[in-house]
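All chains should be built: construct the whole structure from the sequences, respecting the hints.
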Amino acid sequence: MPSAPGYIRCFAGGHFVSSFLVDVHGFTFTGSLGSNVPAFSCHASIIYTALNQLEGTRSFTGHIGVNDIKIVVSNRLVIEGVLDTPIDPRIHVSGSGVWTSN
Numbered sequence: 000m001p002s003a004p005g006y007i008r009c010f011a012g013g014h015f016v017s018s019f020l021v022d023v024h025g026f027t028f029t030g031s032l033g034s035n036v037p038a039f040s041c042h043a044s045i046i047y048t049a050l051n052q053l054e055g056t057r058s059f060t061g062h063i064g065v066n067d068i069k070i071v072v073s074n075r076l077v078i079e080g081v082l083d084t085p086i087d088p089r090i091h092v093s094g095s096g097v098w099t100s101n
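The sequence shown runs 0 to 101 under numbering that gives the first Met the number 0.
No lab work stands behind these hints, which were simulated from the structure alone. One or more hints might be untrue.
[What the hints assert, rightly or not] Computed cross-link-like contacts, SDA-like style, restricted to lysine to any residue with a CA-CA straight-line distance of at most 25 angstroms:
hint : residue 1 : residue 2
1    : K69       : A49
2    : K69       : P85
3    : K69       : G25
4    : K69       : E79
5    : K69       : E54
6    : K69       : L20
7    : K69       : H91
8    : K69       : N35
9    : K69       : P4
10   : K69       : T29
11   : K69       : P1
12   : K69       : V21
13   : K69       : G33
14   : K69       : A38
15   : K69       : G13
16   : K69       : W98
17   : K69       : A3
18   : K69       : R89
19   : K69       : V16
20   : K69       : S44
21   : K69       : F39
22   : K69       : S100
23   : K69       : R8
24   : K69       : Q52
25   : K69       : V81
26   : K69       : N101
27   : K69       : C41
28   : K69       : V97
29   : K69       : S2
30   : K69       : S95
31   : K69       : F10
32   : K69       : Y6
33   : K69       : D87
34   : K69       : S40
Written out as structure tokens, the structure reads:
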């Protein structure tokens, strides 16, 4: 399956922005991880099978911590990365996000 590099940045209150470079095109996935998630940022990658997975509004589930983040989007796309700073205890997250291209 293809993968692409990027990052995830989560702000106080759980709002997040993730951005990835697929070929020469930028894609951004924004949403909320939940109010109990602390601010963090890390390098991440997406694993996908088709570019149409990077569009629309999508629900997701996943975890943050202790040392990694993994979000599985409803269309089986995966966002994962290693946290720069551990988050302990591990937090299970779910929600929805919106893909945009730039």
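For each hint, the structure was consulted:
Between the alpha carbons of K69 and A49 the distance comes to roughly 19 angstroms, so the proposed pair stays at or under 25 angstroms and holds. Proximity of K69 to P85 is assessed by CA-CA distance (about 14 angstroms); at most 25 angstroms being required, the pair is judged to hold. Of the pairs offered as hints, the one joining K69 and G25 holds, with about 20 angstroms between alpha carbons and a cut-off of 25 angstroms not exceeded. With a CA separation close to 4 angstroms, the supplied pair K69 and E79 stays within the 25 angstroms bound.
Of the pairs offered as hints, the one joining K69 and E54 holds, with about 19 angstroms between alpha carbons and a cut-off of 25 angstroms not exceeded. Among the hinted pairs, K69 with L20 is consistent with the structure: their alpha-carbon atoms are about 18 angstroms apart, no more than 25 angstroms. With a C-alpha separation of about 10 angstroms, the suggested pair K69 and H91 falls inside the 25 angstroms cut-off, and the hint holds. For the suggested pair K69 and N35, the alpha carbons sit about 17 angstroms apart, so the restraint of at most 25 angstroms is met.
The straight-line distance between the Cα atoms of K69 and P4 is roughly 14 angstroms, inside the 25 angstroms bound, and the hint therefore holds. For the suggested pair K69 and T29, the alpha carbons sit about 15 angstroms apart, so the restraint of at most 25 angstroms is met. Between K69 and P1 the alpha-carbon distance is near 17 angstroms, which keeps this suggested pair within the 25 angstroms criterion. The straight-line distance between the Cα atoms of K69 and V21 is roughly 19 angstroms, inside the 25 angstroms bound, and the hint therefore holds.
Simply put, K69 and G33 have alpha-carbon atoms about 15 angstroms apart, close enough for the 25 angstroms limit, and the pair holds. This hinted pair checks out: K69 and A38 have alpha carbons roughly 16 angstroms apart, not beyond 25 angstroms. At most 25 angstroms may separate the alpha-carbon atoms for a hinted pair to count; K69 and G13 meet this at roughly 15 angstroms. Restraint check: the Cα-Cα separation between K69 and W98 comes to about 17 angstroms, which is no more than 25 angstroms; the hinted pair holds.
Only pairs whose Cα atoms come within 25 angstroms are accepted, and K69 paired with A3 is accepted, the gap being roughly 15 angstroms. With a C-alpha separation of about 11 angstroms, the suggested pairing of K69 with R89 holds against the 25 angstroms cut-off. Restraint check: the Cα-Cα separation between K69 and V16 comes to about 14 angstroms, which is no more than 25 angstroms; the hinted pair holds. Of the supplied pair hints, the one linking K69 and S44 holds, its CA atoms being roughly 10 angstroms apart against a limit of 25 angstroms.
Only pairs whose Cα atoms come within 25 angstroms are accepted, and K69 paired with F39 is accepted, the gap being roughly 14 angstroms. Taking the CA atoms of K69 and S100, the gap is near 22 angstroms; set against the 25 angstroms cutoff, the hint holds. As the CA atoms of K69 and R8 are separated by approximately 13 angstroms, the hinted pair is consistent with the 25 angstroms bound. Taken as a hint, the K69 and Q52 pair is honoured in the structure, with Cα atoms around 17 angstroms apart against an allowance of 25 angstroms.
Restraint check: the Cα-Cα separation between K69 and V81 comes to about 9 angstroms, which is no more than 25 angstroms; the hinted pair holds. Simply put, K69 and N101 have alpha-carbon atoms about 24 angstroms apart, close enough for the 25 angstroms limit, and the pair holds. In summary, the hint linking K69 to C41 is supported, as the alpha carbons are separated by about 12 angstroms, within the 25 angstroms threshold. The straight-line distance between the Cα atoms of K69 and V97 is roughly 17 angstroms, inside the 25 angstroms bound, and the hint therefore holds.
A hinted pair counts as satisfied when its Cα atoms are at most 25 angstroms apart, and K69 with S2 qualifies at roughly 14 angstroms. The straight-line distance between the Cα atoms of K69 and S95 is roughly 14 angstroms, inside the 25 angstroms bound, and the hint therefore holds. Using a Cα cut-off of 25 angstroms, the hinted pair K69 and F10 holds, with the two alpha carbons roughly 17 angstroms apart. For the suggested pair K69 and Y6, the alpha carbons sit about 12 angstroms apart, so the restraint of at most 25 angstroms is met.
Restraint check for K69 and D87: satisfied, since their Cα atoms lie roughly 15 angstroms apart, inside the 25 angstroms limit. Under the criterion of a C-alpha separation no larger than 25 angstroms, the hint pairing K69 with S40 is consistent with the structure, at around 13 angstroms.
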